[in-house]
Amino acid sequence: MNSNVENLPPRVLRLVYKEVTALAADPPEGIKIYPSEEDITELHTAIEGPEGTPFAGGVFRMRLVLGKDFPAAPPKGYFLTKIFHPNVGHKGEICVNVLKRDWRAELGLRHVLLTIKCLLIHPNPESALNEEAGRLLLEDYAEYASRARLLTEIHAMGAPGGTSGGPQEPGEGPQPKKHAGDPNKRAVVMGPVPVGASSNGGGGGGSGSGSNPNANAVGKKKTDKKRALRRL
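Counting in the UniProt record's numbering, the sequence shown runs from 1 upward without gaps.
Because the hints were derived from the structure by calculation, they are not lab data.
Only a predicted model underlies this, so the values are computations on that prediction, with no experimental measurement involved.
It is possible that part of the hints are untrue.
Dumping the calculated DSS-like pairs for lysine-lysine here, alpha-carbon to alpha-carbon at most 27 angstroms [to be verified]:
1) LYS32 with LYS76
2) LYS18 with LYS76
3) LYS68 with LYS32
4) LYS32 with LYS100
5) LYS117 with LYS91
6) LYS100 with LYS82
7) LYS76 with LYS117
8) LYS91 with LYS32
9) LYS91 with LYS68
10) LYS68 with LYS18
11) LYS76 with LYS91
12) LYS68 with LYS100
13) LYS117 with LYS18
14) LYS32 with LYS117
15) LYS117 with LYS68
16) LYS32 with LYS18
17) LYS117 with LYS100
18) LYS18 with LYS100
19) LYS82 with LYS32
20) LYS82 with LYS117
21) LYS76 with LYS100
FRET-style restraints, in silico, Cβ to Cβ [to be verified]:
22) GLU51 with THR21: 24 to 34 angstroms
23) GLU143 with TYR34: 31 to 41 angstroms
24) TYR17 with ALA56: 27 to 37 angstroms
25) ASN97 with TYR34: 20 to 30 angstroms
26) GLU51 with PRO10: 36 to 46 angstroms
27) SER146 with GLU6: 40 to 50 angstroms
Where is the CB? At the ideal position from N, CA and C, for every residue including glycine.
Hey, can you work out the whole structure from these sequences and the hints?
Take a look at the structure:
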């Protein structure tokens, strides 16, 4: 979905930025906010599944999209994490009155997020987007809860610690490895070769200026000895 930043008046953008900043600094309980510096009109969040519901233990990623008529028109909400819920469509669209006829500009985004979290506790089968979930909720709650719990375990609890539902923060997850050819890791500053040590790092004596001077002295003595024997 395209950004609506250029379609909103500067006054509205300032108000949105102020509210999103306040939400990120002091989010509602059980909700994390991931504001985008590039597009303030699309707010990503992660909602913890409330205890006592089939969604407990899961983390559900969601986004709110502010249209060109915001705040006169309500934002649109979408679950990005797959969920079995009467009021969430197969494409993640959310059906709740606060995003429709009950919307008022003064309600704000915090109220929207809290209402969606409450929807996980109290589904409304009368305005179901997922008809199967709505039917099961009314006719066979045990089966509804079983299906909802199964999808929670598969899609919202996939990573260790249950963090798969939300975007990763800096420092989370595996970090990229440094390249094996990093010159800062491989470069070695060589100093003068100590007397008696081989410049090639091996145990054998090398030739040239780095050879062992003791070995040269022994060789000279052997040559002098041979010359003396020839004279006899």
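Using the beta carbons of SER146 and GLU6, state whether their distance is inside 40 to 50 angstroms or not.
With Cβ atoms ~47 angstroms apart, the hint holds.
For the range 31 to 41 angstroms, tell me whether the beta carbons of GLU143 and TYR34 fit it or not.
About 34 angstroms separates the Cβ atoms of GLU143 and TYR34, which means 31 to 41 angstroms holds.
For the pair supplied as a hint, LYS18 and LYS100, is the alpha-carbon distance within the 27 angstroms limit?
holds, 24 angstroms
Next pair to validate is LYS82 with LYS117; report whether the Cα-Cα distance is within 27 angstroms.
holds, 15 angstroms
27 angstroms limit on alpha-carbon distance, applied to hinted pair LYS68 and LYS32:
holds, 25 angstroms
Between LYS117 and LYS91, is the straight-line Cα distance small enough, at 27 angstroms or below?
Holds, because 18 angstroms separates the two Cα atoms, which is no more than 27 angstroms.
For the pair we were handed, LYS32 and LYS18, check the Cα-Cα distance against 27 angstroms.
This hinted pair holds, its Cα atoms lying about 17 angstroms apart.
For the pair supplied as a hint, LYS76 and LYS91, confirm whether the alpha-carbon distance does not exceed 27 angstroms.
Roughly 13 angstroms between the alpha carbons, so the hint for LYS76 and LYS91 holds.
Does the Cβ distance between ASN97 and TYR34 fall inside 20 to 30 angstroms?
holds, 26 angstroms
Indicate whether the distance between the beta carbons of GLU51 and PRO10 respects the range 36 to 46 angstroms.
The hinted range 36 to 46 angstroms holds for GLU51 and PRO10, with Cβ atoms some 42 angstroms apart.
Run the distance test for LYS100 versus LYS82: straight-line Cα separation, threshold 27 angstroms.
holds, 22 angstroms
Can the restraint linking LYS117 and LYS68 be considered satisfied, given a maximum Cα separation of 27 angstroms?
holds, 25 angstroms
Consistency with the previously given hints is maintained throughout, with no hint failing.
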